[in-house]
Amino acid sequence: MVEKKEHELIVSVSPHIKGEESVSRIMWSVNLALLPAFLMSLYYFGPRALLVTLLCIGAAVASEYIIQKSLKKDVTVSDGSAFLTGLLLGMNLPPGVPFYIPIVGSVVAIVITKQLFGGLGYNIFNPALIGRAFLLISWPKAMTIWSESTAAFVGLDAKTTATPLGILKEEGLGKLIEMFGDKINLYTQLFVGNRAGSLGETSVIALLLGAAYLLYRGYITWHIPLSFLATVGVLAWIFGGKSGLFTGDPLIHLLSGGLMLGAFFMATDYVTCPTVRKGQIIFGIGCGAITILIRLKGGFPEGVMFAILLMNCFAPMIDRSVKTKQFGAIKETKK
Amino acid sequence: MLKLATFERGIHPEEVKELTEASPIVKAALPKRVVIPLSQHTGAPAKPEVVIGDLVKRNQLIGSGQGFVSASVHASISGKVIAIGSFPHPSGRMIQSIVIEGDGKDEEMSLKETPDYLNLSADEIKALIKDAGIVGLGGAAFPTNVKLSPPKEKPIDTVILNGAECEPYLTADHRLMLEQPEGIVAGLKIIMKTLGVTKGYIGIENNKPDAIEAMKKAVSSEESAYSLLPTPYSIEVYPLKVKYPQGAEKMLINAIKDREVPSRGLPMDVGVVVQNVGTAFAVYEAVRYGKPLIERIVTVTGRGIKEPKNMMVRIGTLMSELIEQCGGFTDGAVKVIAGGPMMGFAQWSLDIPVLKGTSGILVLTEKDYVSSEEYLPCIRCGNCIDICPMGLNPSMLSILSEKGRYEEAKEYNLFDCFECGSCAYVCPSNRPIVQFMRLAKSMVKP
Ligand code: SF4
Ligand code: SF4
Numbered sequence: 519m520v521e522k523k524e525h526e527l528i529v530s531v532s533p534h535i536k537g538e539e540s541v542s543r544i545m546w547s548v549n550l551a552l553l554p555a556f557l558m559s560l561y562y563f564g565p566r567a568l569l570v571t572l573l574c575i576g577a578a579v580a581s582e583y584i585i586q587k588s589l590k591k592d593v594t595v596s597d598g599s600a601f602l603t604g605l606l607l608g609m610n611l612p613p614g615v616p617f618y619i620p621i622v623g624s625v626v627a628i629v630i631t632k633q634l635f636g637g638l639g640y641n642i643f644n645p646a647l648i649g650r651a652f653l654l655i656s657w658p659k660a661m662t663i664w665s666e667s668t669a670a671f672v673g674l675d676a677k678t679t680a681t682p683l684g685i686l687k688e689e690g691l692g693k694l695i696e697m698f699g700d701k702i703n704l705y706t707q708l709f710v711g712n713r714a715g716s717l718g719e720t721s722v723i724a725l726l727l728g729a730a731y732l733l734y735r736g737y738i739t740w741h742i743p744l745s746f747l748a749t750v751g752v753l754a755w756i757f758g759g760k761s762g763l764f765t766g767d768p769l770i771h772l773l774s775g776g777l778m779l780g781a782f783f784m785a786t787d788y789v790t791c792p793t794v795r796k797g798q799i800i801f802g803i804g805c806g807a808i809t810i811l812i813r814l815k816g817g818f819p820e821g822v823m824f825a826i827l828l829m830n831c832f833a834p835m836i837d838r839s840v841k842t843k844q845f846g847a848i849k850e851t852k853k
Numbered sequence: 020m021l022k023l024a025t026f027e028r029g030i031h032p033e034e035v036k037e038l039t040e041a042s043p044i045v046k047a048a049l050p051k052r053v054v055i056p057l058s059q060h061t062g063a064p065a066k067p068e069v070v071i072g073d074l075v076k077r078n079q080l081i082g083s084g085q086g087f088v089s090a091s092v093h094a095s096i097s098g099k100v101i102a103i104g105s106f107p108h109p110s111g112r113m114i115q116s117i118v119i120e121g122d123g124k125d126e127e128m129s130l131k132e133t134p135d136y137l138n139l140s141a142d143e144i145k146a147l148i149k150d151a152g153i154v155g156l157g158g159a160a161f162p163t164n165v166k167l168s169p170p171k172e173k174p175i176d177t178v179i180l181n182g183a184e185c186e187p188y189l190t191a192d193h194r195l196m197l198e199q200p201e202g203i204v205a206g207l208k209i210i211m212k213t214l215g216v217t218k219g220y221i222g223i224e225n226n227k228p229d230a231i232e233a234m235k236k237a238v239s240s241e242e243s244a245y246s247l248l249p250t251p252y253s254i255e256v257y258p259l260k261v262k263y264p265q266g267a268e269k270m271l272i273n274a275i276k277d278r279e280v281p282s283r284g285l286p287m288d289v290g291v292v293v294q295n296v297g298t299a300f301a302v303y304e305a306v307r308y309g310k311p312l313i314e315r316i317v318t319v320t321g322r323g324i325k326e327p328k329n330m331m332v333r334i335g336t337l338m339s340e341l342i343e344q345c346g347g348f349t350d351g352a353v354k355v356i357a358g359g360p361m362m363g364f365a366q367w368s369l370d371i372p373v374l375k376g377t378s379g380i381l382v383l384t385e386k387d388y389v390s391s392e393e394y395l396p397c398i399r400c401g402n403c404i405d406i407c408p409m410g411l412n413p414s415m416l417s418i419l420s421e422k423g424r425y426e427e428a429k430e431y432n433l434f435d436c437f438e439c440g441s442c443a444y445v446c447p448s449n450r451p452i453v454q455f456m457r458l459a460k461s462m463v464k465p
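If you read the sequences in order, they're chains A and B.
Sequential numbering of the first sequence, starting at 519, is according to this note's numbering.
Sequential numbering of the second sequence, starting at 20, is according to this note's numbering.
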């Protein structure tokens, strides 16, 4: 018995046991964490939301499969990361986009941004965000037609309107409050997500629910979201007011646009953010500052997407310049 | 409750100590044959003192240490030397070894006891330890007498006994602390006296409350070696948080003394000498009874073993014999490891001897075993950075090594990595980070 086994012994380098984490487990957990926000998008934007999201996911998974097959690489669609890219792209699209838009966006995200850079782990930019940026630049009209949230499943012919951030930019806070009745109602509606916007970004509460799950599981840490949100809040308060410094409304900036989705689900993308926690704080601050810069001074009402993409470029550099807290680091003092 | 002492970061692998922690140490059957490598320790190999055909008795010197850092080896059974040559070693290499065919009589060479060992001088103690071929039993197998002879410019003020046993599965130290606590304390006092130190600690992970109790009792009752030490002296049993790698020297010192061994440095740089509890017991037996290191406790365990046991094993016994005595393999057994699951060596054969530093023989099954052959690119999740006890960046190091940029890896403190395996344990991409570390270390000068 003892002898018989010999030729079957497996020899490999230590450690010989491993924790349970795997790439696919993490990716599917993130997908799961987006479920509440996805359900809210169905609630507010109807079947159209389902259609757009499914198109994104389908196109993302299919293009990953096809490109991996044609490059003769292992097919990794089951790890959930292409699915996640598709889902995130869907959540970043307006509900009423024509159906070629999700498909083109997913192909750009997966083929160009991810696989041509070497696949998962090697891409510099967040694939879903590049997909969205490409769409926004190529079809600026279609990408900025916002349907009013209906919560009534009226579907395809929902009225179009502007997003709260758009109104804030063009007509000011007063108009926005007027539209929603009073300030409290404005905040409440933003919080639950009853407003125009991209599919998955509108419901703050649903996004926070998913984020709490990821924080609890340890799949994301507080470093990026907190520094990102805090920077936006503080800068909005300082510079966001019409009547001078320190008169801005931080809450409206925090609750509107794609900030929550971006801060918890897109800026935290492992591959494209710094790995060292201290560096992540720098990254988050950078994202926050650029977001506010674009929102207040730029040509677009929303800046989260470009902020994250810009900071993606800096992630490798941040990682090289921020050192981990080394055990037994020799102090530069002479004995 | 008081917060237990520990170090920063680290991991919590499944302990699986229940397989053997309640099993008293049993004597393994007298081996039919032993293979005793001349190199079982850090440092120069021993020089053979016997030739083929010689008859030897148990305890007899068969290889003597060469140079300052080296250790002697002794016959662990009586019989005839039948071969001296290269034989497989748990490290995976072929090592010069002496093979003794047993005569089944287990005749011993009588030992020189020292009942009044309390009056020995430090140099006499070190000589006895050296003659007995004692090395660290925790794994690294560094010659003990060398560790007890620090250079003058490194004053030592503390001795720590390592009873953490943080490797999952292993229970050899745990059982020893339960069954021989007085001997361990006596050994600690001998070590303290040799170093002229008055402060001693015994660090034990909190998952062994019975061992903590037993050691506390032994510390307070064991008065016999009192005169050994200058008064006032103190010995403290120190419960530690259960966390891997709590038993690594640097982590242990950090937890108990809050001192950080400097990068690339040794415990003596911060005035500490660490010894494993098993080593302390061996020191006691060597100094008191003149007993050479010819046997040790080995935990034969894992779900791949039918009857897991803690065994007192003669050095040089082949693993196959021990596995047989533990009922053989269960059906799913696929991997045999010398040592623990985190830092042990996987074996390709079972005709491999137990060494002085072999604390366990672990057999994993398909269910436990995770292949490290297939791995993915680093997804930069940062898990490894969060847990590396040395505060390194294993993600960066493994990528640099993978790309052949070894010199750059050195700048990221490659040589501070002691290959504890925690990073690979948490890596979702299943990257063989330890292998990358070893590769890089072998490619650049330290
Ligand atoms: S880098 Fe080295 S010291 Fe750090 S966790 Fe990995 S193996 Fe352990
Ligand atoms: S744990 Fe693995 S995947 Fe994560 S950063 Fe470290 S090496 Fe990369």
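If you are wondering where the hints come from, they were derived from the structure by calculation, not from laboratory data.
What you are looking at is a predicted structure, and each value in this text was computed from that prediction instead of being measured.
It cannot be assumed that every hint is accurate.
[Claimed, not checked] Simulated restraints on C-beta separations:
1) Gly636/A / Glu392/B: 46 to 54 Å
2) His31/B / Ile723/A: 46 to 54 Å
3) Lys659/A / Glu392/B: 36 to 44 Å
4) Phe617/A / Val463/B: 51 to 59 Å
5) Arg283/B / Leu763/A: 50 to 58 Å
6) Leu550/A / Pro170/B: 56 to 64 Å
7) Leu557/A / Glu392/B: 36 to 44 Å
[Said to hold, decoys possible] Selected chain A positions facing chain B (in silico; Cβ < 8 Å):
8) Ile528
9) Ser532
10) Pro533
11) Lys536
12) Gly537
13) Glu539
14) Ile544
15) Tyr640
16) Ile642
17) Val794
[Said to hold, decoys possible] Partial list, computed: chain A residues near chain B (C-beta under 7 Å):
18) Leu527
19) Thr793
20) Lys796
21) Ser839
For every residue, glycine included, the Cβ atom is placed at its ideal position computed from N, Cα and C.
Right, here's what the structure says about each hint:
no., hint, verdict
1, Gly636/A / Glu392/B: 46 to 54 Å, "violated, 21 Å"
2, His31/B / Ile723/A: 46 to 54 Å, "violated, 33 Å"
3, Lys659/A / Glu392/B: 36 to 44 Å, "violated, 52 Å"
4, Phe617/A / Val463/B: 51 to 59 Å, "holds, 56 Å"
5, Arg283/B / Leu763/A: 50 to 58 Å, "holds, 51 Å"
6, Leu550/A / Pro170/B: 56 to 64 Å, "holds, 59 Å"
7, Leu557/A / Glu392/B: 36 to 44 Å, "holds, 40 Å"
8, Ile528, "holds, 5 Å"
9, Ser532, "holds, 5 Å"
10, Pro533, "holds, 3 Å"
11, Lys536, "holds, 4 Å"
12, Gly537, "holds, 5 Å"
13, Glu539, "holds, 4 Å"
14, Ile544, "holds, 6 Å"
15, Tyr640, "holds, 6 Å"
16, Ile642, "violated, 11 Å"
17, Val794, "holds, 6 Å"
18, Leu527, "holds, 6 Å"
19, Thr793, "holds, 4 Å"
20, Lys796, "violated, 10 Å"
21, Ser839, "violated, 12 Å"
Violated hints for the displayed structure, listed by number in ascending order: 1, 2, 3, 16, 20, 21.
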